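Enquirer: Residue numbers (the numbering used here), protein chains in the order written: chain A, 1 to 105; chain B, 106 to 736; chain C, 737 to 1227.
Please note: incorrect hints may appear among the correct ones.
[Said to hold, decoys possible] 20 Å max Cα-Cα, derived SDA-like pairs, lysine to any residue:
| id | chain 1 | residue 1 | chain 2 | residue 2 |
| --- | --- | --- | --- | --- |
| 1 | A | Lys102 | B | Leu708 |
| 2 | B | Lys596 | B | Ser163 |
| 3 | C | Lys1179 | B | Glu270 |
| 4 | B | Lys706 | A | Val100 |
FYI, nobody ran anything at the bench for these hints, they're computed from the structure.
Since the structure is predicted, the reported quantities are computational estimates derived from the model, not experimental observations.
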Amino acid sequence: MMEHVPISHVLIVTSAMFFIGVYGFLTRRNLVTMLIGVELMLNAVNINFVIFDRYLYPDQISGHFFALFIIAIAAAEAAVAIAIFINLYRNIRSIDVEEVDKMKY
Amino acid sequence: MSYVILIIALPFAAFVINGLLSGKIPHRFAGWLATGAIGVAAVLAWLTAYSYFFQSTSFEKIIPFQITWLSFTETLQIDMGILLDPISVMMLVVITTVSLMVFLYSLGYMQGEKGFVRYYAFLSLFSFSMLGLVVATNLFQLYMFWELVGVSSDLLIGYYYDKPEAVAAAKKAFIVTRFADFGFLVGILLLSYYTGTFDFAAITDPNHTAFTTMTGSLFLGLSVLTWALMLIFMGGAGKSAMFPLHIWLPDAMEGPTPVSALIHAATMVVAGVFLVARMFPVFSFHAPEALDAVAFIGVFTLLFAAIIACTQTDIKRILAFSTMSQIGYMMLALGVSDYGDQGLGFTASMFHLFTHAFFKALLFLGAGSIIHAIHSNDIREMGNLRKHQPVTHIVFLIACLAIAGIPPFAGFFSKDEILAATLNSSPVYFAIATFTAGLTAFYMFRLYFLVFWNRETVYEYKPHESSFIMLVPMIVLAVGSAVAGFIPFGKFVSSDSQPLHIEMNQTVAILSIVVAATGILIAWALYKKESPLSEKIASTLNGLYRVALKKFYIDELYVFITKKIIFNLISKPIAWFDRHVIDALMDFTATATNKVSAEIKGLQSGQLQHYAYIFLSGVVLIVLIMIFNYT
Amino acid sequence: MILIALIVIPALTALAVMFARDARQTKSLSAVGMSIQLILSFYLLYIFLKERAFGNTEPVLFGKRFEWYPGLNINFDIGVDGISVAMILLTSIVIFTGIFASWEVKEQFREFFASLIILATGVFGFFISLDLFVMFLFFELAVIPMYLLIGIWGSGKKEYSAMKLTLMLMAGSALLVVGILGIYFHSDVNGTHSFNILELANQNFSIEMQRIFFPITFIGFGVIGALFPFHTWSPDGHSSAPTAVSMLHAGVLMKLGGYGCLKVAIALMPEAAHELSWIFLILTSISVIYGALGVIAQSDLKYINAYSSVSHCGLVLFAVLMLNETAANGAVLQMISHGLMTALFFALIGMLYSRTHTRIVHEMGGLMKVLPFLSVCYVIAGLASLGLPGLSGFVAEMTIFVGAFQHPDMFHRVITIVAISSIVVTAVYILRVVGSLLMGPIKNEAYQHLEPAKWHEKLATVTLIVAIVIIGIAPLWLSDMIMESLGAILD
């Protein structure tokens, strides 16, 4: 069935996903929303890995492995990020990204 | 002759023992230890002289001891050794004898001083260095001991270190001689560069091949050899207080009086004369211009110092200027001398060095005896002392007669030879030297009359004759001053180590006696009794008198150069330059870095999304570049 | 084996010191460790001379090689020649006395002694290594603790000084890295590059390459050897550093510069050295004279000594640049002599400061009366500094002057005379300081009751004085030992 879907279609979808993620990351002030943006980008990349694997090297599964790997890391990352957010919220009662600029200089 | 090494080693041992145990051993022990050491050395020195002069007929150079101390290159090395030849044996005798006298005298003079042990340690160090200097086998060994002599003299001048004047005098003495030694060192280097050796045996060999190269190459009209010898003479002039490097000697009188007797009258200050004598063959054969310079400096200094001596009122300073003047005579004699048969000047110079050591040491010891009794150096506070110090009076008179050149005292014979040698070479110098002989008689007897005759002075404490231990050395030296002139000196010491037959020049002898007697008579007329005449003469010669009293303002000139020019115009600006230019440059690089980083740190806003924007634009940019490059 | 011990012992001592229970234990541990080190250095001297006496003429003795990073041909190569042995002796004497001179450090004493000893470890390592890379490693190991030592235990504007010193020395190191890598990449030993000094010595580097890397290496080492105009870290650094650090820094660390210039810059790139030496000769003779004249106007004892070190270390580089064996021998002697006497000076300054709480010369006076022992030591140090025969300074200076004057070129001889004139200026400033510091009447009534020297202070000063006197009286063995090694370096 997949053979009937041209690769360009999938790529359009993933690009859209990726840039929606970028847009979200750049424009949202809420850290959780920004995290969702990051997840969107990651998943766009995941799909790319899988689809390229399927179309270019159908007899290999390295792309799948990459995807799995990224999913695992993303999960860990999300856990760390949420932990940071919670701590941040406890400290400054806000998770607005513009208020978190203590790291400058 | 291997016992000669003991002559040098004994004072050194005394120095080490007294120096390390200073404060732990009783004064008496330290004093007698040092005196005993120098006493044995003196006996050995006389023994050496006896066996050298009387048990062999030819006066060869003997090197009984020599080790390599430091080697620079295969050929150029510093040896430590002992060289015996007529002048070094003579110097050994003079130094050990005068040292022994001064050591004995100091036992009384310095009694009860706080730094007694330190005093004897330094004194022993001095004797050691001076002995090492005269027996040096090579120029560099001589230079080393030369420096050691300088520093021990410096330590002794500054003996009363809580007196600011003494400290300043020590500093001045050291720095002036150091400046002279700079010339000396450069001279040594120049000489050794061409000859490839420091050894006296090689350097003083007139046939050394290197000299032809050195006389061949000219620099500012004079040959390199002449320059080298003049520079070496500069060292000698510094140590021997020749004009214009003499300024330290009068100030050096801040040291204890026995020190002045030993170092600044009899031994160290004649080191310059010794140096020129040591190098004499080279001077004489290859650099007559340098020898002319020696003669000129000598004759100038002898007159110059004698004029100043006439106006001074500090007993030790008068003696100091008289020392300068007498050393001027020795230099003059060397300067006008020739080698070999015509070497009368050389012998005369050494002879005068020998006799001068006795009578000048005696004069200083006598002055010490006076100062010890009345606690003042100022001859205006003295008078009629002959009643209080009869023995001192007699020995002082003998010394004055000796220095004034009245026969049969020692000074007459040696000075007469100098005058005769000068007459052979330059009538002008002869005239000056003879005139100064009169001047010498005048200022010495001015001193004598003012101190021992003149008015009755009321003293705070009644002056007393010095103790036995101080009188003995003075009497011994007085005997020496009286009879040393009868030694047939030419038989032993001459420029080429061959006996030199010397006949007395009758005319010169009579002339010099007349001149000296005139000087004494004038002094007698002016100062025997209190009289206003001397004041009057001083006021008629107002300008000259003032200038001479201020020592021709040479000191002021030096102060001007050192304080005003070196300190304010060189040193301070350098210190400022270092802090405010060089260092500021270094600091500037640091502050510039700081400034730049402060300017660009605004880029780090801390806003996560700014970073993301910049990151993204970067990625886009790179991608665009890749795309356009690709197509 | 003994060479390994020379770096292992201080390293172990430093480690042990960190775990010491109290100040007493810290000090005794350091003292014991450094005494062993001192004994070991003398033993090294003994076996070195014995080997030489038996006719072993290898340029480097007791050599050992451990592979370290074969990919880049970096090896842990160690070995010593006469110069290194002499410098190791100097270092162990100075660190030994440095421990005793800092006996009264109270705060954070463990860290202080440990850093001090680590610094010494770096210096020992520097002197025994034959591999440029390892040498550089040890060089940095010696420089870094300096920052902490001055920054934490210093006085005055210590942060500024520590920063300045470290930054300037780091800039020098940066040049050094460039120089070393330049040498490395231009070398070709059996088809690979090499860091080994002995192998590099046989290389014929092209003159173009030498022209670039000789100045870089020379200046790189020159910065730590206080080459004009890169000397300004020295006055500030020394004036802020604690006593033992000043001693070690002026006494030993500044010598790394001269040593490096001789054994790396000049030994490996002789043609460029011949060609370009005149530039550096001018700079160094400026150092010599300018440093000496600069002292006269100073009034802080440490500044005085720092500038005089600039002058004396300038003489080291000056002599090295004369490119003949006698002068180079003089340079090494001068490094040792200056190391000993400047350590003595700084030790004494520290001891005086701890009593009078001032370092300004004209605020003190008449100290000879109240502190006879320390004052006599100060006078001896002064006399050594102005080159009195019988003390080490004379031997070193005269060897330099005689050597430099043997140069056939007129320019070199004239500039030597200029450098010689520094002995007069030295006399002026030394006597000025001695005169107003020790002589004269006592300036301050409170000074009547100063504490006399304690045993550890006496031990430190006497050790240094004995070394100075021994070299001054019997220099031949040392001079011969150095001379033998110079033939291989300057052929």
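Enquirer: Does each hint fit the structure? Answer for all of them.
Expert: Hints and how they fare:
no. : hint                   : result
1   : Lys102(A) - Leu708(B)  : holds (14 Å)
2   : Lys596(B) - Ser163(B)  : holds (11 Å)
3   : Lys1179(C) - Glu270(B) : holds (16 Å)
4   : Lys706(B) - Val100(A)  : holds (18 Å)
Hint compliance for this structure: every hint is met.
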